[in-house]
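> Chain by chain, the residues:
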Amino acid sequence: MSATVKKVILVEDDSDDRELFLTFFSHRTDIHLLPPVANGLELVDYLKNITSDDDLPHLIVLDQNMPKMNGKQTLTFLKSNERYAQIPAVIYSTYTDATLVIDCKNLGAEMVSNKPIDHEGYQKMMDDFLQIVN
Amino acid sequence: MNKLSDAELIDEIDRLRAQLAEANDTLEAIRTGQIDALVVSDHSGPSLFTLNSADRAYRLFIEQMSEGAVTLNSDGLIIYSNSQFARLVQRPLPQVMGNYFSDFVLDEDLPLFNGLLLRAWETNAKSEMRLKAENKKIDVQLSLNMLEMDEDTSLSVIITDLTQQKDIERELTAKNEQLRNLNNALIASNHDLQQFASVASHDLQEPLRKIQVFSKFLKDKGSDQLSETSKVYVDKIFNLSQRMKILIVDILTYSKLSANDALTAPVYLKEIVNEILDDFDLRIAEKNARVEVSDLCTVEGNRGQLRQVFFNLISNALKFVSPDRSPVIAIRMKKLDPVELGVSLDDHSQYCRVTVSDNGIGFEDTYASSIFSLFETLNPKTAYEGSGIGLAIAKKIVEKHHGLILAKSKVGEGSEFSIILPIKQPA
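Chains A and B, in that order, give the protein sequences.
In terms of our numbering, the first sequence opens at residue 11 and continues consecutively.
In terms of our numbering, the second sequence opens at residue 527 and continues consecutively.
Only chain A is shown next, with the shape it has when bound in the complex (with noise of 0.2 Å):
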């Protein structure tokens, strides 16, 4: 992992789970957690007003279940896009089968991940994601 601290952004609709990233991962200091977006549309909004690509996120975490633009939707939209294609994006979802592990990984998803309910849980979660931002 490089040094330089990692923009994530979470994509996510319920609002209980935004603040929870805040709870778990303001205190660390190797991410910079982005203002989060309610689903898809509203990434899409924001991705399109950064007009210099350094400012783009390393991370994108998608909800899997939100309104308007789901997660596999806009996994969709990501990967067919070439400014974004390259962000590692990742689901994360309460409940998480073999179909929507496939489906993500088909799509572009570079993991999928079941939503975490500690401490512990969230930090191991976020360790695993960044393994995979360069």
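FYI, nobody ran anything at the bench for these hints, they're computed from the structure.
Hints are supplied without guarantee of correctness; some may be wrong.
[What the hints assert, rightly or not] Chain A side only, calculated, beta carbon under 8 Å to chain B, not exhaustive:
| # | residue |
| --- | --- |
| 1 | 30 |
| 2 | 75 |
| 3 | 105 |
| 4 | 125 |
| 5 | 127 |
| 6 | 128 |
| 7 | 129 |
For each residue, glycine too, the CB sits at the ideal point set by N, CA and C.
Please build the complex by placing chain B on the supplied structure of chain A, with the hints as guidance.
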């Protein structure tokens, strides 16, 4: 008395000779069996005479048939009928003979009958139609065959009563309809189940996870502000939500088994058992358990599902351990025992039997079949964590693989679960 002239006498003798010749011809015809019946016309109209002739054996035979049999002359007049036909049309036999056959055909079917009659003079003809009896219609099949006898031709007609057949057909149609409705209901119910699975997978698990998260928060962070009793309550909330999570996941697994997954990959059972033992290595060490695995067979099936079966059985063996001794678990390939199975198998070599036995707490043998039911738990939930779905899942998977799962046990001594699987799945 009139005196006749010689010429008149000669004429009278010639006339009588001619009558005698005709009578002799008729007698000859009767003797050789060419004639079945005579229609004699006099001033009171035609009357019919049937004969007891040399073909009596055939007549008896025809009398005994369950089909109606009649003979028609070229006008379509019934010159012979067996009593079965008379019974069919519910008329006394003498009233049947001498009538036109068409008198017994339902009016709507007359054009059909006349057409059939025309064809029958050319070639053998068959058709279904309806006859009329006293006050009902009778479905029959008519089979017409031309009979040529010297100068005269007649038609033999076999009448098969289709009432029962038609009743059965109608019943079959009704049953088919019922089956279709049931099938639709089944499809709808399967759809509901899938809907439920989807609701259970997300909509139920999301709030449940939050309960886990926030009760964990209270446990970890708020513990110094909580009274001892409150801490106990928080622990309970957390443990119960864990338990509910297991329940939901297990129900989902069970309901998804209805889907048609492929069952044809070769699965080396020893390999999956070893994988599971790796997964359980912590628990095995913690319980100081000894696990013995013999060589196991390779069967056709769905690897993930068969893994689930062994996972559930081994997990049970590690769960229901006796407090008095270290657990010993044996996973062995065993010879099939037809007596024990209560079934005889055509060829033992086509099946593989694997047993998972333990020296745990066991259960009363009377529960040997009910433990495979959904939500069946024999032990207090507080003592042994479990959803009561594990064995139901195992049974469903084994049965999907056209196999058999059996349990036997002795309280305090241990349990043995047998899985019998066909080496090859039926095509």
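> Each hint: holds or not?
Hint check:
1. Interface hint status for residue 30 of chain A: upheld, as the beta-carbon distance to the closest one in chain B is roughly 7 Å, under 8 Å.
2. This hint holds: residue 75 of chain A has a C-beta 6 Å from the nearest C-beta of chain B, less than the 8 Å allowed.
3. Residue-level restraint check for residue 105 of chain A holds (minimum Cβ-Cβ distance to chain B is 5 Å; threshold 8 Å).
4. About 6 Å separates the beta-carbon of residue 125 of chain A from the nearest beta-carbon of chain B, less than 8 Å, and the hint is met.
5. A cut of 8 Å between beta carbons decides the hint on residue 127 of chain A: the least distance to chain B is about 4 Å, and the hint holds.
6. At about 5 Å, the closest approach between the beta carbon of residue 128 of chain A and any beta carbon in chain B falls short of 8 Å, and the interface hint on this residue holds.
7. Using the Cβ-Cβ criterion of 8 Å, the hint placing residue 129 of chain A at the interface with chain B is satisfied: the shortest such distance is roughly 7 Å.
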